[in-house]
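Based on the provided sequences and hints, a complete structural model is requested.
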Amino acid sequence: MAREEDNRGGIRDMASPRRYGIERVAYWMMRLSGLGLLAYFVGHIYETSSILRGRAGWDELLAMTQTTEGHALLAVVIGMCVFHTANGIRLMLVQGGIWSGRPGRADYPYTPRSQNARNKIAIYSSIVLAAVAMVYGLTVMFGE
Amino acid sequence: MAAVAPPTDGARRSVTLRIRRSNPAAGQGPSYSEFTVGAEPWTTVLDAILEAKRGHDHSVGVRYSCRQATCGSCGMMVNGRPRLACFTKLSELGDGAVTVEPMQNFPVVRDLVVGFDRLFRSHHSIRPYIVSGEADIAPGTRETPQSPEEVERYIQFAGCIKCGLCNSACPTMATDTQFIGPQSLAQAYRYVADTRDRGKDERLRIIDDSHGIWRCHYAGSCSKVCPKGVDPAMGIQLLKGHMLGFR
Ligand code: SF4
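The listed protein sequences derive, respectively, from chains A and B.
Going by the working numbering, 1214 is the number at position 60 of the first sequence; the sequence numbering is gapless.
Going by the working numbering, 115 is the number at position 100 of the second sequence; the sequence numbering is gapless.
Possibly wrong hints are sitting among the right ones.
[As the list claims (entries may be wrong)] Which stretches of chain B does chain A cover? Using the computed rule of at least three CB atoms under 8 Å from a CB of chain A, they are: (1) 49 to 58; (2) 163 to 174; (3) 183 to 190; (4) 244 to 258.
Worth flagging that the hints you see were computed from the coordinates, not collected in a lab.
Given the structure is predicted, the values throughout are model-derived calculations rather than measurements.
All C-beta atoms, glycine included, are put in the ideal place defined by N, C-alpha and C.
This is the structure:
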């Protein structure tokens, strides 16, 4: 067979949120927030393990979270957590075949029924909820 | 009889067509050729490529056949998005240059021509036909009747023309070399949903693989680009519903 050029999109195309609408943006945000939360959990285990170094070690690490950067980071974690949870519930309903739309005859111009208003509203609501939670978190943290 | 001139409203314009060229077999890496082609409001991307071939460079490699979105041969990236060249008018693409490239996630054979071996292999793997114990229709028996509701469960998925646009837009296909792909998964659902079929268990076993259905994370891009309204993302999620016992 003739030699062929591998033309896969790769990670860059997989991670690109452009071109395919809000559903692809939600897919990308879900992956990103999942990875972010995983990194946070690893960091969190490291943080809590500092108790093994006694009170001084614990206080030292805790002080890092009380800085402006620490607050900003925690606000991002709150946002990721809320988006991942809310969008995750949507995805469970869709992937269980409950919110995925009803098959029927395809009529031009072929608007995909799986990308229905319910799904779009759920995606936008997840983003708004995450933003509200972040703002609330920042208000609490900086109001301390 | 006098020849009838095609109707024109004076909207003919010139469009710059950029075609990605490569010939891996000859060791020629990718480059872009630019052509200026005439465009009427109804000129399709395929028309433009064929005009470039006819009037400028006959060596441009392109695969096509029916010119009416039925054969599924002319899928390609048009301005960065998978589309059928025969089903996309230049007038839909705005005023700028139009860039055509081979479909992503398919190996390039030459220029705009890509290899379909993997898609056909995956499609074949899910047994894309009615599996039934009654292979022969005995004298005196009738075809298996189906109600309109039963037909509606799968008819939209039966419209697949195997153009591969869905596989090209899929983010999992972009990274996983062994993923079965949205085209084949949607076809698995097409047969699972057919009341005449008895192959459901076997099909579900085939797609319940480490590079099977669970690699789909519902980005929905396959359905966005499908030119026939198949909505593969819906089929895949309904299939997951079957496997999880919700349906
Ligand atoms: S599901 Fe749609 S996009 Fe995918 S191969 Fe079939 S017709 Fe083409």
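Now the hints, each set against the structure:
no.	hint	result
1	49 to 58	violated (count 0)
2	163 to 174	holds (count 7)
3	183 to 190	holds (count 6)
4	244 to 258	holds (count 12)
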